[in-house]
Amino acid sequence: MVQNTYSLFNLAYNAIHRHRHWSTAWRKPEPASAYDVVIIGGGGHGLATAYYLAKNHGITNVAVLEKGWLGGGNTGRNTTIVRSNYYLAANARFYELSMQLWETLSQDLNFNVMYSPRGVLNLAHTPGQLGAFASRGNAMRLNGVDAELLDREQVAQRVPQLDISDQARFPIWGGLLQPRGGIARHDAVAWGYARAADALGVDIIENCEVTSMQRENGRVTAVETTRGRIQANRVGVVVAGHAGTVAGMADLRLPLESHILQAMVTEPVKPVLNTVVTSGAAHCYVNQSDKGELVMGGDLDGYNAYARRGSPAVVQDVVSSALSLFPDFSRLRLMRTWGGTVDMSMDGSPIISKTPVDNLYLNVGWCYGGFKATPGSGWVFAHTIANDEPHPLNAAFRLDRFREGRALDENGAGPVPAAH
Amino acid sequence: MQIICPWCGERSYEEFRYGGDATVVRPTASEAADDDAWHEYIFVRDNPYGPHEEWWYHAYGCHQWFRVRRDTVTYEILSTVPANHRSGDRQA
Numbered sequence: 000m001v002q003n004t005y006s007l008f009n010l011a012y013n014a015i016h017r018h019r020h021w022s023t024a025w026r027k028p029e030p031a032s033a034y035d036v037v038i039i040g041g042g043g044h045g046l047a048t049a050y051y052l053a054k055n056h057g058i059t060n061v062a063v064l065e066k067g068w069l070g071g072g073n074t075g076r077n078t079t080i081v082r083s084n085y086y087l088a089a090n091a092r093f094y095e096l097s098m099q100l101w102e103t104l105s106q107d108l109n110f111n112v113m114y115s116p117r118g119v120l121n122l123a124h125t126p127g128q129l130g131a132f133a134s135r136g137n138a139m140r141l142n143g144v145d146a147e148l149l150d151r152e153q154v155a156q157r158v159p160q161l162d163i164s165d166q167a168r169f170p171i172w173g174g175l176l177q178p179r180g181g182i183a184r185h186d187a188v189a190w191g192y193a194r195a196a197d198a199l200g201v202d203i204i205e206n207c208e209v210t211s212m213q214r215e216n217g218r219v220t221a222v223e224t225t226r227g228r229i230q231a232n233r234v235g236v237v238v239a240g241h242a243g244t245v246a247g248m249a250d251l252r253l254p255l256e257s258h259i260l261q262a263m264v265t266e267p268v269k270p271v272l273n274t275v276v277t278s279g280a281a282h283c284y285v286n287q288s289d290k291g292e293l294v295m296g297g298d299l300d301g302y303n304a305y306a307r308r309g310s311p312a313v314v315q316d317v318v319s320s321a322l323s324l325f326p327d328f329s330r331l332r333l334m335r336t337w338g339g340t341v342d343m344s345m346d347g348s349p350i351i352s353k354t355p356v357d358n359l360y361l362n363v364g365w366c367y368g369g370f371k372a373t374p375g376s377g378w379v380f381a382h383t384i385a386n387d388e389p390h391p392l393n394a395a396f397r398l399d400r401f402r403e404g405r406a407l408d409e410n411g412a413g414p415v416p417a418a419h
Numbered sequence: 000m001q002i003i004c005p006w007c008g009e010r011s012y013e014e015f016r017y018g019g020d021a022t023v024v025r026p027t028a029s030e031a032a033d034d035d036a037w038h039e040y041i042f043v044r045d046n047p048y049g050p051h052e053e054w055w056y057h058a059y060g061c062h063q064w065f066r067v068r069r070d071t072v073t074y075e076i077l078s079t080v081p082a083n084h085r086s087g088d089r090q091a
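If you read the protein sequences in the order shown, they are chains A and B. 419 is the number that numbering that gives the first Met the number 0 gives the last residue of the first sequence; the numbers go up by one with no jumps. 91 is the number that numbering that gives the first Met the number 0 gives the last residue of the second sequence; the numbers go up by one with no jumps.
What the hints contain is simulated information worked out from the structure, not anything from laboratory work. Incorrect hints may appear among the rest.
Derived DEER-like restraints, expressed as beta-carbon distance ranges [as the list claims (entries may be wrong)]: (1) B/A82 <-> A/P28: 32 to 42 Å; (2) B/V72 <-> A/E388: 51 to 61 Å; (3) A/T103 <-> B/G60: 37 to 47 Å; (4) A/N111 <-> B/S78: 50 to 60 Å; (5) B/W54 <-> A/G217: 49 to 59 Å; (6) A/L141 <-> B/W54: 23 to 33 Å; (7) B/Y40 <-> A/W337: 55 to 65 Å.
Chain B is faced by these chain A residues, among others (derived, beta-carbon under 7 Å) [claimed, not checked]: (8) A167; (9) F169; (10) W172; (11) G243; (12) P254; (13) E256; (14) G301; (15) A312; (16) R402.
What you are looking at is a predicted structure, and each value in this text was computed from that prediction instead of being measured. By construction, the Cβ of each residue, glycine as well, lies at the ideal position given by its N, Cα and C atoms.
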């Protein structure tokens, strides 16, 4: 079946015909017995990898295996923020690739991912923090990333809802703004990549959990799944939360721990906040979705966890922090809270890498921040799988960097997974 | 989640500080120059799906460190012992 292009013409045509002629966005194929590449994990990163394998490298005999439904894991649980405001050069350059891809992603995929460059503002609450932000902003600019240092009046002008009084629990001294940062619609990213990959011939197989991996002579040859055995020349692991479990099927032990991270939204209200506001000191970040909900998140619950549920104490902590910044939001009611299992690596940076097992590749350990990297992650991981060597932009994200003493510790927090 | 302190009994997890995986062992003197041993100790974790040996500290209580065996999926506390007990002396 040929997919409809999403266009004004097709919209008008289908409106006249009562929307009975839209094609489905992607097929539901039965798994074949063998593929050139099997991607484990049908979240944004796995689907983007499949798309760029087909588009950039001409490898279309690809299956994406998803144990649940597309985007039902951390792709659908994050707070949708996109940014590339990193200090370390390897991080800044890698995340900036994603920023550039975000800017044209809707056109590229013919699917509206609702990328909204509304600016990401990090608040500085002390003169020392503002100085550190000046340093980070300069580092960003040297790496070609946009950054603006704002003083208190400029912050107040941009986000008038903030309490900038001297009595504020966290007095505001200024902030670092990345104007091109913002938000995108997370479900649309998964659906858009799935539809575009499917159109290039990729098989997307939902309700298909990988239960074991088979190896011969040090290389991976097949995966056993709940829908049968699938042979694979190459296997890419792109799972969140369960990276250690899946890598363990190939006897790999990883430098990461699984933790729980919660997020929450208020009831929807009229537009009130047009910037993503984050505060490291208050431990929270707030933005307003296009539906009008205020989306908030904060710190990890702080103990190893695979269950996607956390403590109400953390919800209270995030909400009270947000209210100390935005007292006006105090009468809004929380509508939903939820948790996701995040793979916290030992330096806070992801692992996009070859492994000691031939033909097995890892794209895991995204800590708090996988969503923003979805396009670039797929781009460089597809390159890594297709060429059996890393793209220059993920060469620093190797699995063996920890052993080699080349950790990418953006926060200088040390080898503590819950500290990043 | 409720944590069972061996001294104070069952208390809300908000009273505690988490101390991480209790199975990692610092390299011995004979292994001290071995990069693999340090790499394992500092970075690599079993990260089990299920029962996990871990350290907890009763920060807003008796200020004692202790070992807890806790399920990372159900959050059930399987056992809890004072820090100076060997793992063989586990008690319910």
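* To do: Against the earlier hints, flag every one the structure doesn't satisfy and list their numbers going up.
  => 1, 2, 3, 5, 6, 7, 8, 9, 10
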